[in-house]
Amino acid sequence: ASSSAASSSAASEYQQNEYKRSKIRHRRRPQAGKATRFALPPVANHHSGPEKQHNNRHNNQHKTTRQDTAAPMSLSNADLTALQPVLDATASAIANAKTLRTAAPVVWLSADFRSVLAGTGINFRQAGDVAACLVHNVLEQCGPEGSVVVSAFNFDFPRSRCFDVASAPVQTGAFGQQLLSQFAHCRTAHPFYSLLVFGKAQPQLVQVPTSSPLLRHSTGPGSVFEWLINANTELITVGHHYVKSLTAVHHAEHVAGVPFRYTKQFQGVVRRAAGLADVALPTSTEPSGSNDGLAPQQQTQHFIPQTAAQEAHQRPADEPIDCEFYVRELGVCDFSSLTERGDAAFRHANLLQVLPVTATRRPLLVHSINHAPAHAMMVADLQSPTPAYTDYFGPTKPNVDVITGERADALYHAELRALVG
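Using the working numbering, read the sequence shown as starting at 1 and increasing by one per residue.
No wet-lab data here; the hints were simulated from the structure.
As the structure is a computational prediction, the values presented were derived from the model and not from experiment.
Among the clues, some could well be false.
Stated by the list, open to error - Pair by pair, the computed Cβ-Cβ distance ranges are:
(1) Phe124 to Pro259: 18 to 24 Å
(2) Pro213 to Gly257: 15 to 21 Å
(3) Asn77 to Ala376: 24 to 30 Å
(4) Asp318 to Gly421: 52 to 58 Å
(5) Val354 to Thr396: 34 to 40 Å
(6) Pro320 to Thr263: 40 to 46 Å
(7) Asn96 to Ser160: 40 to 46 Å
(8) Arg417 to Ala376: 30 to 36 Å
(9) Leu351 to Ser384: 33 to 39 Å
(10) Cys162 to Pro221: 22 to 28 Å
Stated by the list, open to error - With a straight-line Cα cutoff of 25 Å, these simulated SDA-like cross-link-like pairs (lysine to any residue) come out:
(11) Lys397 to Leu416
(12) Lys98 to Leu352
(13) Lys264 to Gln383
(14) Lys98 to Asn350
The beta carbon of each residue, even a glycine, is placed where N, CA and C say it ideally should be.
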């Protein structure tokens with residue numbers, strides 16, 4: 001459920017479940033801070049790396065409709081009611097985030113699925129629909145020009161030398177794995193830091209050649225993290241400490257040029273998902289969320305799923321790629337991340353929102369922080385004589401207050417108890 005110190009054990013529990021796709025009905029942007037109440041039809045630690053395995057808006061003249069999640073049509077009314085407090089909290093986080101008040105807001109969404117399902121009491125068999133519902137809700141809050149990204153990281157590339165977009169398992173939790181099982185065509189082709197992208201930015205991030213810096217660089221200039229920071233991306237986490245998804249700390253380390261990491265090249269191939277065919281479908285009298293204001297006759301291009309046979313036939317050939325990763329200096333750095341002093345600094349600077357969700361079976365927290373100001377603070381600190389906001393530990397350097405995955409869990413539960421008892 002998180003991008004750093006991630007626990008991927010829950011992924012296998014849900015990976016076997018398959019959920020059908022249904023075409024989303026786009027809605028206009030809802031009232032800020034209030035999640036849409038979905039109506040049913042009448043008939044019903046992101047901080048990992050390869051060392052573990054290997055010591056602007058688009059012009060309407062060229063428009064591509066946004067790739068959205070399927071509407072949660074198979075969730076019961078009871079499940080939707082149980083999930084609604086979580087949807088409302090994420091909606092409030094978006095409404096309160098001043099940095100998202102832009103023409104094209106971007107949200108990085110992360111969720112600890114065990115916390116979400118335990119908190120709401122929804123059966124794990126509905127996990128895929130819950131995941132789609134969470135993303136769909138955030139997309140609606142962001143509006144037709146908005147985008148949502150979800151981590152789908154995998155660090156097997158140094159060993160396998162092949163990154164299969166459709167089948168490489170998500171190693172950052174069950175949330176991304178559930179979405180991947182439904183929307184593999186929405187996954188970027190980065191061999192390490194792949195993302196599932198929904199909304200307006202999908203063509204810009206997914207449909208890029210392997211020669212693009214977005215795929216050749218993991219962090220640093222030209223990387224997807226630079227793109228996300230320039231887009232003022234808001235990180236919203238549900239049910240876990242936000243630090244577990246703050247993978248951008250390694251981008252800050254790269255920009256600052258820390259002495260305990262270095263750039264290493266990895267060569268291999270990328271095997272892309274078959275994708276979706278661009279087919280003209282009958283127009284609707286209701287304007288789609290991706291083209292609000294356009295006349296109905298202009299809304300003709302949609303992406304529809306292909307059959308398995310069509311996907312196999314249309315699968316592109318493997319593409320060679322040369323990708324760099326900012327690896328740890330083995331024997332020096334065992335782990336690096338934000339420190340507790342850095343967390344306190346973010347809170348003191350009012351960068352962090354914390355929203356308790358109490359109208360559920362078990363309470364949980366929603367955190368929200370913007371990547372851009374957090375990145376600026378981390379880089380400035382790393383370039384100072386005595387960095388305090390981020391740090392590392394290793395064989396010859398003890399851990400002072402680096403927030404590991406285990407420590408992040410402890411801090412999360414301590415904060416939860418302090419806020420809701």
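To see whether the hints hold, each was checked on the structure:
1. Phe124 to Pro259: 18 to 24 Å: violated (44 Å)
2. Pro213 to Gly257: 15 to 21 Å: Since Pro213 and Gly257 have Cβ atoms about 18 Å apart, the given range 15 to 21 Å holds.
3. Asn77 to Ala376: 24 to 30 Å: violated (45 Å)
4. Asp318 to Gly421: 52 to 58 Å: 55 Å Cβ-Cβ, so the 52 to 58 Å window holds.
5. Val354 to Thr396: 34 to 40 Å: holds (36 Å)
6. Pro320 to Thr263: 40 to 46 Å: Given about 19 Å between the Cβ atoms, the range is violated.
7. Asn96 to Ser160: 40 to 46 Å: Given about 42 Å between the Cβ atoms, the range holds.
8. Arg417 to Ala376: 30 to 36 Å: holds (32 Å)
9. Leu351 to Ser384: 33 to 39 Å: Violated - the Cβ-Cβ distance for Leu351 and Ser384, about 18 Å, lies outside 33 to 39 Å.
10. Cys162 to Pro221: 22 to 28 Å: holds (26 Å)
11. Lys397 to Leu416: Violated, because 31 Å separates the two Cα atoms, which is more than 25 Å.
12. Lys98 to Leu352: holds (12 Å)
13. Lys264 to Gln383: holds (22 Å)
14. Lys98 to Asn350: holds (12 Å)
The structure shown violates the earlier hints numbered 1, 3, 6, 9 and 11.
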